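Engineer: The lines below spell out each chain.
There are 2 protein chains.
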Amino acid sequence: MTIAATGLPFDDIRRLMSDLPTADQKAIGQCRARDAQLTKPPGALGKLEAMAEWVAAWQGSYPPRISRPVVAVFAGNHGVVAQGVAAYPAEVTAQMVANFQSGGAAVNQICKTFDLGLKVFELALEKPTRDITLDAALDEADCAATMAYGMEAIAGGCDLLCIGEMGIGNTTIAAAICHGLYGGKPEDWVGPGTGVDAEGVKRKAYAVARAVELHAAHLHDPLEVLRRLGGRELAAMAGAILAARTQGVPVLLDGYVATAAAAVLHAMRPDALDHCMAAHCSAEPAHRNLLKKIGKEPILDLGMRLGEASGAALAAGLLKAAVNLHNDMATFASAGVSDKPA
Amino acid sequence: MTIAATGLPFDDIRRLMSDLPTADQKAIGQCRARDAQLTKPPGALGKLEAMAEWVAAWQGSYPPRISRPVVAVFAGNHGVVAQGVAAYPAEVTAQMVANFQSGGAAVNQICKTFDLGLKVFELALEKPTRDITLDAALDEADCAATMAYGMEAIAGGCDLLCIGEMGIGNTTIAAAICHGLYGGKPEDWVGPGTGVDAEGVKRKAYAVARAVELHAAHLHDPLEVLRRLGGRELAAMAGAILAARTQGVPVLLDGYVATAAAAVLHAMRPDALDHCMAAHCSAEPAHRNLLKKIGKEPILDLGMRLGEASGAALAAGLLKAAVNLHNDMATFASAGVSDKPA
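The listed protein sequences correspond, in order, to chains A and B. Going left to right, the first sequence walks through residues 1 to 342 as the working numbering numbers them. Going left to right, the second sequence walks through residues 343 to 684 as the working numbering numbers them.
Don't take each hint at face value.
[Unchecked claim] Here are the simulated lysine-lysine pairs, BS3-like style, with alpha carbons at most 30 angstroms apart:
#1 B:LYS454 - A:LYS119
#2 B:LYS389 - B:LYS454
#3 B:LYS638 - A:LYS296
#4 B:LYS544 - A:LYS47
#5 A:LYS340 - B:LYS461
#6 A:LYS185 - A:LYS292
#7 B:LYS389 - A:LYS293
#8 B:LYS389 - A:LYS202
#9 B:LYS682 - A:LYS127
#10 B:LYS454 - A:LYS340
#11 A:LYS340 - B:LYS544
#12 A:LYS292 - B:LYS389
#13 A:LYS47 - B:LYS389
#14 A:LYS202 - B:LYS682
#15 B:LYS461 - A:LYS47
#16 B:LYS389 - A:LYS296
#17 A:LYS26 - B:LYS454
#18 A:LYS112 - B:LYS368
#19 B:LYS682 - A:LYS112
#20 A:LYS119 - B:LYS389
#21 A:LYS47 - B:LYS634
#22 A:LYS112 - B:LYS454
#23 B:LYS634 - A:LYS292
#24 A:LYS47 - B:LYS638
#25 B:LYS682 - A:LYS119
#26 A:LYS340 - B:LYS469
#27 A:LYS47 - B:LYS454
#28 B:LYS638 - A:LYS292
#29 A:LYS296 - B:LYS544
#30 B:LYS461 - B:LYS635
#31 B:LYS635 - B:LYS389
#32 A:LYS47 - B:LYS635
#33 B:LYS368 - B:LYS682
Think of the hints as simulated: they come from the structure by calculation, not from any bench. For clarity, every value in this text was computed on a predicted model and none was experimentally measured.
This is chain A alone, in the form it adopts within the complex (with noise of 0.2 angstroms):
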């Protein structure tokens, strides 16, 4: 799981996505032959019988568990926010990790509510990416050993990963990726983010615009849209997805800043989420456009705009709660239930 010091860095990773595992189809099968006996019709529980059988598939055994959930913040600070693009002075970053590290911001209240482990990765906030409209974010070694810093994610045990963020000015940043990635116009994929004006929304067009014009002759190799136009946080979480898909671990997905770092990897495979959900739709304008690019139904739609993994640590919630009814619910034979027509 570490990437080699020698070689090209990227090459490891191409390796790694090169042979991913599939879906287990015999803990599918067994998924459903016990779901047909439990004491409900046939397809009642709707998306929650999806979610479980999608469990065991990707952890690639039955029965489905969810007891050591981890979600995951990766933290960022990104040269763009020179451009004017960010509704709060980049310093919030590293004052929100310490509200992480001391249990007051919101993923914090979530994970309690749900009992949800935390880890949050700091990843040199002192040290911000380069702006993207006048150069690339990263070098080729900085990105890969920070996808491979994020594959630490999932290290001592974890048996689903939630994936979120926080970095002031990162939406920014995912709309160049998103724009680099998928075209369109470049407004198409920004929006008010933590809550700048129409004046700061027409400045993250433009930021973006540059961006993607600058290094426009590179951005046919998803890997060099995430180096030159990405930040550390969303290399980080794609590693982790990439990780978590080697290890058996399935992946919820929170916002639009991480299903942008995902989409990285769905432009290098278009398998290479099938072990994700994601979680939510957020109100930023462009994630509902950018799920329908990586084919995801999100399960909430509740308007949260916040990123910090809060979505996806919410939607854990109720994936714990698929998950036990699969495995808890009575069989029509053990409850002594008809299951024969009226």
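Based on the hints, put chain B in the right spot on chain A.
Structural biologist: Below, chain B alone, put in the same frame as chain A:
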């Protein structure tokens, strides 16, 4: 809270309905004042913010609390099953009640996941209501007494009430109530329920058409709709919803049948359900339309169609998170996070 044995029983219900408490404006103000100080951009928690505020507004106190949540499942049997409207035999109602009591049903697992109390109200299962295609389901004394019995759902203390039901044949009853209250075509209000085929859905529509025709002269009065076209678990749910309003308990409505019971109160007074949220939109096709009629946006939309308060209990988990977020997040001042624009 008990219904007097003298006088016309519905008069007591009408008296309660004529004097409903309103939302606590002071509690709403206190919620907004604190929300503005929490370490997040304004509005970034989306509907979760409105959910916490709604809990305080209807509890009539600040801070909002969910420490004694109760999931109430009301079970009844229906004479209309003689018309071939149900996928399962009527015995399944009692079998499922036993399943709730021994902890094997879906709702039990969701209650365990989110630490919710569960109360099951068995409503004279051995004595189905009369077939609504031939007669009124209940007489007035029985209907009012059942509403009063439903009010027991909040006895013993409760700060959130999740309302749901179990009753073979009761999606036909819900359809009859909706057709009685809102008109349209019978076909607009029937669906597969627990899983009848296309012929079964036709039989449901035919039964609903005949029932509404038979009772047409009396349907200007919503309480007459309830007693003539309803059933015991629907009457009890209507009573529970009304009691919750008078006692400062916010309510989560489950699926189509629970919402049809609530719609009776809404038809009496359009503000009668202001203390209720729609927990989810069921896969039973008419539920979405019914939610529009009572002006509710569902919290969840997961394709569930089980009843037994399963959707309401699931949404209660989110509501707990919303209240914990409001009460326990740090403020900008306490966490030393800048709330000044960049």
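Engineer: Each hint should be assessed against the structure and marked as holding or not.
Structural biologist: Hint check results:
1. With a C-alpha separation of about 26 angstroms, the suggested pairing of LYS454 of chain B with LYS119 of chain A holds against the 30 angstroms cut-off.
2. Between LYS389 of chain B and LYS454 of chain B the CA atoms are separated by roughly 25 angstroms; this keeps the pair inside 30 angstroms, and the hint holds.
3. For the suggested pair LYS638 of chain B and LYS296 of chain A, the alpha carbons sit about 26 angstroms apart, so the restraint of at most 30 angstroms is met.
4. With a CA separation close to 27 angstroms, the supplied pair LYS544 of chain B and LYS47 of chain A stays within the 30 angstroms bound.
5. Between the alpha carbons of LYS340 of chain A and LYS461 of chain B the distance comes to roughly 27 angstroms, so the proposed pair stays at or under 30 angstroms and holds.
6. Note on LYS185 of chain A and LYS292 of chain A: the hinted pairing holds, with a Cα-Cα distance of about 16 angstroms set against a maximum of 30 angstroms.
7. Taking the CA atoms of LYS389 of chain B and LYS293 of chain A, the gap is near 25 angstroms; set against the 30 angstroms cutoff, the hint holds.
8. For the hint linking LYS389 of chain B to LYS202 of chain A, the alpha-carbon distance of about 27 angstroms falls within 30 angstroms, and the restraint holds.
9. Under the criterion of a C-alpha separation no larger than 30 angstroms, the hint pairing LYS682 of chain B with LYS127 of chain A is consistent with the structure, at around 22 angstroms.
10. Taking the CA atoms of LYS454 of chain B and LYS340 of chain A, the gap is near 29 angstroms; set against the 30 angstroms cutoff, the hint holds.
11. Only pairs whose Cα atoms come within 30 angstroms are accepted, and LYS340 of chain A paired with LYS544 of chain B is accepted, the gap being roughly 21 angstroms.
12. For a cut-off of 30 angstroms, the pair hint linking LYS292 of chain A to LYS389 of chain B stands: about 23 angstroms separates their Cα positions.
13. Between LYS47 of chain A and LYS389 of chain B the alpha-carbon distance is near 21 angstroms, which keeps this suggested pair within the 30 angstroms criterion.
14. Among the hinted pairs, LYS202 of chain A with LYS682 of chain B is consistent with the structure: their alpha-carbon atoms are about 21 angstroms apart, no more than 30 angstroms.
15. Under the criterion of a C-alpha separation no larger than 30 angstroms, the hint pairing LYS461 of chain B with LYS47 of chain A is consistent with the structure, at around 26 angstroms.
16. Only pairs whose Cα atoms come within 30 angstroms are accepted, and LYS389 of chain B paired with LYS296 of chain A is accepted, the gap being roughly 22 angstroms.
17. The hinted pair formed by LYS26 of chain A and LYS454 of chain B meets the criterion: a straight-line CA distance of about 28 angstroms does not exceed 30 angstroms.
18. Annotation: proposed proximity of LYS112 of chain A to LYS368 of chain B holds, straight-line Cα distance about 28 angstroms (limit 30 angstroms).
19. Only pairs whose Cα atoms come within 30 angstroms are accepted, and LYS682 of chain B paired with LYS112 of chain A is accepted, the gap being roughly 29 angstroms.
20. The hinted pair formed by LYS119 of chain A and LYS389 of chain B meets the criterion: a straight-line CA distance of about 26 angstroms does not exceed 30 angstroms.
21. Only pairs whose Cα atoms come within 30 angstroms are accepted, and LYS47 of chain A paired with LYS634 of chain B is accepted, the gap being roughly 23 angstroms.
22. With a CA separation close to 16 angstroms, the supplied pair LYS112 of chain A and LYS454 of chain B stays within the 30 angstroms bound.
23. Restraint check: the Cα-Cα separation between LYS634 of chain B and LYS292 of chain A comes to about 27 angstroms, which is no more than 30 angstroms; the hinted pair holds.
24. For the given pair, LYS47 of chain A sits about 22 angstroms from LYS638 of chain B by alpha-carbon distance, which is consistent with the 30 angstroms threshold.
25. Among the hinted pairs, LYS682 of chain B with LYS119 of chain A is consistent with the structure: their alpha-carbon atoms are about 27 angstroms apart, no more than 30 angstroms.
26. Restraint check: the Cα-Cα separation between LYS340 of chain A and LYS469 of chain B comes to about 22 angstroms, which is no more than 30 angstroms; the hinted pair holds.
27. This hinted pair checks out: LYS47 of chain A and LYS454 of chain B have alpha carbons roughly 20 angstroms apart, not beyond 30 angstroms.
28. The straight-line distance between the Cα atoms of LYS638 of chain B and LYS292 of chain A is roughly 27 angstroms, inside the 30 angstroms bound, and the hint therefore holds.
29. Of the pairs offered as hints, the one joining LYS296 of chain A and LYS544 of chain B is violated, with about 35 angstroms between alpha carbons and a cut-off of 30 angstroms exceeded.
30. Of the pairs offered as hints, the one joining LYS461 of chain B and LYS635 of chain B holds, with about 29 angstroms between alpha carbons and a cut-off of 30 angstroms not exceeded.
31. Our distance criterion of 30 angstroms between C-alpha atoms is met by LYS635 of chain B and LYS389 of chain B, whose separation comes to about 21 angstroms.
32. At most 30 angstroms may separate the alpha-carbon atoms for a hinted pair to count; LYS47 of chain A and LYS635 of chain B meet this at roughly 25 angstroms.
33. Taking the CA atoms of LYS368 of chain B and LYS682 of chain B, the gap is about 28 angstroms. The hint holds against a cut of 30 angstroms.
The structure shown violates just one earlier hint, number 29.
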